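Asks: The residues making up each chain are set out below.
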Amino acid sequence: MKRTGSQRKSRFDQAMAGYLFLLPAIVSLCVFLIGPIIYALYISFFHFSFLDPQNKAFIGLKNYIHLFRDPLFLRALWNTTLYAIVVVPVQTAIALFLALTVNNLKGKTFFRIVYYLPTVTSTVATSLMFMFIFEPQGLLNNFLKVFGIHGPNYFNSPTFALPSIMAIAIWSSVGQYMIIYLAGLQDLPAEVYEAAALDGATGWRLLKYITLPLLKRTTFLNVVLSLIGTFQVFDQMDVISQGTGGPLNSTLSVVLDLFNQAMSQNMGYASAIGFVLFIIILILTVIQKYFFERNDEAGV
Amino acid sequence: MQKRISPAFYVVAIVYSFISLVPFVWSVYTSFKPTNGVYNTWVPFSKLTLNSYKYLLTSPQVSFMQWLLNSIIVALIVTIGNLIVNTLAGYAFARFKFPGRGPLFMVFLAVMMIPGQVVLVPMYILLAHLGWINTYQGLTIPFLMSPFMIFLARQFFLGMPNELEEAAKVDGLGAWGIFFRIFLPLARPLIATQTIFTFQGNWNSFLWTSLLESSQNMYTLPVGLNNLYGQYNAYWNQVLAGVLLLTIPMIIIFFIFQKQFVQGISTSGIK
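Chains as they are written, first to last, in full-length UniProt numbering: chain P, 1 to 300; chain F, 1 to 271.
These are computed hints drawn from the structure, not numbers from a lab. Warning: the hint list may mix true and false statements.
[To be verified] Only pairs whose alpha carbons sit at most 25 Å apart, straight line, appear in this in silico BS3-like list of lysine-lysine:
1. Lys106/P with Lys169/F
2. Lys169/F with Lys97/F
3. Lys106/P with Lys9/P
4. Lys208/P with Lys108/P
5. Lys9/P with Lys259/F
6. Lys259/F with Lys108/P
[What the hints assert, rightly or not] Partial pick of chain F residues on the chain P-facing surface, computed with a CB cut under 10 Å:
7. Tyr55
8. Met65
9. Phe108
10. Val243
11. Leu246
Since this is a predicted model, take the numbers as computed values, not measurements. Built from N, CA and C at the ideal position, the CB exists for glycine as well.
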């Protein structure tokens, strides 16, 4: 009798301790995440300005419908998609290439540090660094002049501004994905390589038939992380265009559009943009999950 | 398994090292150039000067020291707060049994999928109502919890052997004692990973800080630097001096905790 009593007490103590340990996290979750998410969904059905709360009006799905007729948002969505389509594969490919290059070298640690430096650096800092390098008379154009190429004024040109930002983004985060690849390479089973060596596989064949298929999971992880990150791009666009998304909206991203709409008091509309972004990222995540599971079934 | 490595690998690795480093080197060099020589590609060593740094740190027009102080205060509070909140929560999910544990954990997992920008507007409204725009409270209190870090902490504590807990119980330790005396001292790698990534994320934070800082006395460094370029029309040598003052603390931390950085990214894929 006494024993079950003390067991019950211990179980009660454990539950209380559990709730107490979780209390700060739950309060924060409710007040600063779940509450705001519900409120964001609510006001996305309203015409709402913070400075003029009297004129709040329920407009149903109009914010969402308007989004797909708003040339500014469509441009932002197009820019962001293009940005993702270029940055994700190029970044992943360079990261893989560098990881394979560095993996067996002496001084691997040194290269790893050097390649990762851009990733620990603030995006505001890297954007400003490259704005100076990409000036019409800047380092890049002086370098190109050596080869007789007359470089453009990158960030004043609707053609070159977005590709330049893509280049900066790739440079900034290649190191991160390379490190994930290096970890993936470390986990590859040595026996497979020994067996392959016995079969006489070397060089490219080894890479194509053994290493790359075994790295598939790492590649999916990298692609997904990279996709989610690229669809949320804001910092570089905001710093380089000084918030305008220019020239001629060529660097307007979805989040920059959201930010500007919120700042100009279109708050219901800005929230609707947020949910569309969420749905896009959700769809990308579901597609990724489907790929993962299919690969698991195939035994990769 | 000793293999001979072709020198081509070293060449590629060194070439990319240059690509990675040149923008930094160029920024350092430019920050030492005199204002009238910023656009000259080559400025002789004897002409280089510390004037940009002097201007930033002492000019009454630019409150750079205030921005630096703001950045340090905010990053420290947010990092320490996250360490406490996330470690406790992760531990609770891993080591305590209580009704509702599974569903609650699912909620934390689910909100990880929602991009933070979704709550930009409601958060602004909430903080404006509280009078927290342009305050340290507004820059810290909403950011003291991270579902992702809770998930990491849970995984970490799940991976520790049950015998530890059994032995501690035999010694008469209660729930709190087991956590503080047994598990917390063993959680160093977890604490290191959390500290590094939370600090880095907050130190470099730009979207939220742009939203919540409109008075220049409350700027943190990234917002201040962005305005140094935009509003103040500072010269490039001054802007890049600021860029380096923003970057150097992060690089020092990176060098000290290099191993934990790499482990953290490899295990979790976070930046």
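Asks: Take the hints in turn and mark each one as holding or not.
Replies: We went through each hint and held it up to the structure:
Of the supplied pair hints, the one linking lysine 106/P and lysine 169/F is violated, its CA atoms being roughly 49 Å apart against a limit of 25 Å. About 15 Å separates the Cα atoms of lysine 169/F and lysine 97/F, which keeps this hinted pair within 25 Å; it holds. For the hint pairing lysine 106/P with lysine 9/P, the CA-to-CA distance comes to about 59 Å; that exceeds 25 Å, so the pair is violated. For the hint pairing lysine 208/P with lysine 108/P, the CA-to-CA distance comes to about 23 Å; that is within 25 Å, so the pair holds.
Proximity of lysine 9/P to lysine 259/F is assessed by CA-CA distance (about 44 Å); at most 25 Å being required, the pair is judged violated. Under the criterion of a C-alpha separation no larger than 25 Å, the hint pairing lysine 259/F with lysine 108/P is consistent with the structure, at around 13 Å. Among the interface hints, the one on tyrosine 55/F is violated; its C-beta lies about 16 Å from the nearest C-beta in chain P, farther than the 10 Å criterion. The interface hint given for methionine 65/F is broken, as the beta carbon of that residue sits about 18 Å from the closest beta carbon of chain P, more than 10 Å.
Annotation: phenylalanine 108/F was flagged as interfacial toward chain P, and the flag holds, the nearest CB pair being 7 Å apart, inside 10 Å. For valine 243/F, the interface hint holds, since its Cβ comes within 10 Å of a Cβ in chain P; the closest pair sits about 5 Å apart. For leucine 246/F, the shortest C-beta to C-beta distance to chain P is roughly 5 Å, which falls under 10 Å, so the interface hint holds.
Consistency with the previously given hints fails for numbers 1, 3, 5, 7, 8, ordered from lowest to highest.
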